[in-house]
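Novice: Sequence:
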Amino acid sequence: MDIVFIKQLQVDTVIGVYDWEKSIQQRLLLDLTLTADQRIAAAKDDISLTLDYAVIAEKVITLITAQPIELIETVAERVASMLLTEFATSKVEVTVSKPGAVAQAQTVGVHIVRTAGLAKKPLTSAREQA
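Letter 12 of the sequence shown, counting from 1, is numbered 1249 in our numbering, and no numbers are missing.
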């Protein structure tokens, strides 16, 4: 299977759990990997048969900036769900980084992998899993 990717997509949005974060925009950096067969698009040299980077980027930015979000985990889940629903991809990987969130680190973040068609497992907290 083939991979289409976008690296370091910059999105400025309201993100965070602290009161001071709810009134400012902060930068998120996203890495997106979408799995899809690209042979037909390549053979026909036709952008309408492939995953269009510009359309993907625009939809991701619109989704993330539509409303304030507290957790980068929420951002990752919403982006993965949208990509699997709106694009011809069987698997997505989404990395969301929040530079500057921890002064001693270059960045912090979350990386998730989601596959189309798999039943969603119920979410449980770390306490419930222990």
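The reader is advised that the hints may include incorrect statements.
[Claimed, not checked] List time: in silico EDC-like cross-link candidates among lysine to aspartate or glutamate, alpha-carbon distance up to 16 Å: (1) 1296 with 1274; (2) 1244 with 1323; (3) 1259 with 1249; (4) 1296 with 1239; (5) 1244 with 1295; (6) 1335 with 1295; (7) 1328 with 1239; (8) 1335 with 1239; (9) 1259 with 1295; (10) 1244 with 1268; (11) 1328 with 1258; (12) 1328 with 1249; (13) 1296 with 1258.
Worth flagging that the hints you see were computed from the coordinates, not collected in a lab.
Novice: Against each hint, give a clear statement of whether it holds in the structure.
Specialist: Status of each hint after checking the structure:
Between the alpha carbons of residue 1296 and residue 1274 the distance comes to roughly 21 Å, so the proposed pair goes past 16 Å and is violated. Of the pairs offered as hints, the one joining residue 1244 and residue 1323 is violated, with about 20 Å between alpha carbons and a cut-off of 16 Å exceeded. Only pairs whose Cα atoms come within 16 Å are accepted, and residue 1259 paired with residue 1249 is accepted, the gap being roughly 13 Å. About 21 Å separates the Cα atoms of residue 1296 and residue 1239, which puts this hinted pair outside 16 Å; it is violated.
As the CA atoms of residue 1244 and residue 1295 are separated by approximately 14 Å, the hinted pair is consistent with the 16 Å bound. Taken as a hint, the residue 1335 and residue 1295 pair is broken in the structure, with Cα atoms around 19 Å apart against an allowance of 16 Å. Note on residue 1328 and residue 1239: the hinted pairing holds, with a Cα-Cα distance of about 11 Å set against a maximum of 16 Å. Annotation: proposed proximity of residue 1335 to residue 1239 is violated, straight-line Cα distance about 28 Å (limit 16 Å).
Note on residue 1259 and residue 1295: the hinted pairing is violated, with a Cα-Cα distance of about 23 Å set against a maximum of 16 Å. Among the hinted pairs, residue 1244 with residue 1268 is consistent with the structure: their alpha-carbon atoms are about 4 Å apart, no more than 16 Å. For the given pair, residue 1328 sits about 32 Å from residue 1258 by alpha-carbon distance, which is inconsistent with the 16 Å threshold. Taken as a hint, the residue 1328 and residue 1249 pair is broken in the structure, with Cα atoms around 26 Å apart against an allowance of 16 Å.
Between residue 1296 and residue 1258 the alpha-carbon distance is near 24 Å, which puts this suggested pair outside the 16 Å criterion.
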